[in-house]
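Asks: Sequence:
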Amino acid sequence: MAKQITIFGATGFVGKKLIRLAIERGYKIKALARSKNKLKEFESKIEIIEGDYFDLNKIDEAIHGSSAILSTIGPPLKAKGIDESKYHDSLNHLINRLEKKGSTKFINISGAAIKFPDEKLSFKRKALRLMLNLMAQQMINVKDGELEILTNSNIDFISIRPPMIKDIQGEYSVNDNSLVSMSVGVDQICNFMLDNIDNDQWRRKAPLIGNI
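Those letters in the sequence shown? Residues 134 to 345, by our numbering.
If you are wondering where the hints come from, they were derived from the structure by calculation, not from laboratory data. Even for Gly, the Cβ is constructed at its ideal location relative to N, Cα and C. Wrong hints could be hidden among the right ones.
[Claimed, not checked] Pairwise CB distance ranges (calculated): (1) R167 with S311: 28 to 38 Å; (2) R337 with S255: 18 to 28 Å; (3) P250 with M297: 19 to 29 Å.
[Stated by the list, open to error] Straight line, CA to CA, 30 Å or less: simulated DSS-like cross-link-like pairs of lysine-lysine: (4) K299 with K173; (5) K213 with K257; (6) K233 with K338; (7) K233 with K253; (8) K211 with K233; (9) K136 with K178; (10) K213 with K191.
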């Protein structure tokens with residue numbers, strides 16, 4: 134019987150690629166989308182839950198029966214005036230449900246400039262964070278908060294920290310805290326997410342990934 138996974142952020146650039154690769158691997162997929170029409174190309178191959186990530190009841194519906202949750206959710210890079218707490222409220226709710234289930238892995242996409250509260254950054258990551266603080270302060274706030282929430286939880290998580298995600302090919306490298314490069318391929322990060330559903334190497338860590 135195929136393993137069921139849930140994908141949040143399924144209608145975006147990364148989310149759609151993640152669906153395609155997960156279908157190729159034979160997963161049974163539930164995807165949350167504000168409009169089913171945005172996933173029309175997949176409607177015969179996956180279960181689409183129509184709703185919003187900020188609707189806690191829809192989160193419950195979307196994760197029911199899944200053994201792994203993969204999320205590409207995050208505010209737009211240049212978002213301004215968004216309610217940052219809504220992202221944290223939804224994640225806290227999701228964590229509460231996963232802690233009760235006890236056996237579900239959560240894998241999400243963060244960013245190379247995102248840091249643990251006490252983490253020391255390399256010069257390159259400091260420079261990247263400074264730049265993003267100027268142009269994407271709310272994204273930094275949301276993702277910093279998410280990483281802290283995950284760290285303080287008891288769930289089985291991996292929070293992946295990529296640089297710019299592009300439609301490029303090539304090999305990639307992963308490590309704990311060094312900026313590998315300034316870009317990573319969308320196929321690479323999606324395959325890394327799927328590879329780690331049943332792999333505990335990066336359990337409760339936030340690896341950085343990049344093209345080499």
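Asks: For each hint, tell me whether it holds in the structure or not.
Replies: Do the hints match the structure? See the list:
1. Range check, R167 to S311: about 37 Å between beta-carbon atoms, so the 28 to 38 Å window is met.
2. Between R337 and S255 the beta carbons are some 22 Å apart, a value that agrees with the proposed interval 18 to 28 Å.
3. For P250 and M297, the Cβ-Cβ distance of about 25 Å falls inside the hinted range of 19 to 29 Å, so the restraint holds.
4. Restraint check: the Cα-Cα separation between K299 and K173 comes to about 23 Å, which is no more than 30 Å; the hinted pair holds.
5. Of the pairs offered as hints, the one joining K213 and K257 holds, with about 25 Å between alpha carbons and a cut-off of 30 Å not exceeded.
6. For the given pair, K233 sits about 21 Å from K338 by alpha-carbon distance, which is consistent with the 30 Å threshold.
7. A hinted pair counts as satisfied when its Cα atoms are at most 30 Å apart, and K233 with K253 does not qualify at roughly 33 Å.
8. A C-alpha spacing of about 35 Å is found between K211 and K233, which places the hinted pair above 30 Å, so the restraint is violated.
9. Between the alpha carbons of K136 and K178 the distance comes to roughly 14 Å, so the proposed pair stays at or under 30 Å and holds.
10. A threshold of 30 Å between alpha carbons decides the hint, and for K213 with K191 the separation of about 25 Å falls inside it, so the pair holds.
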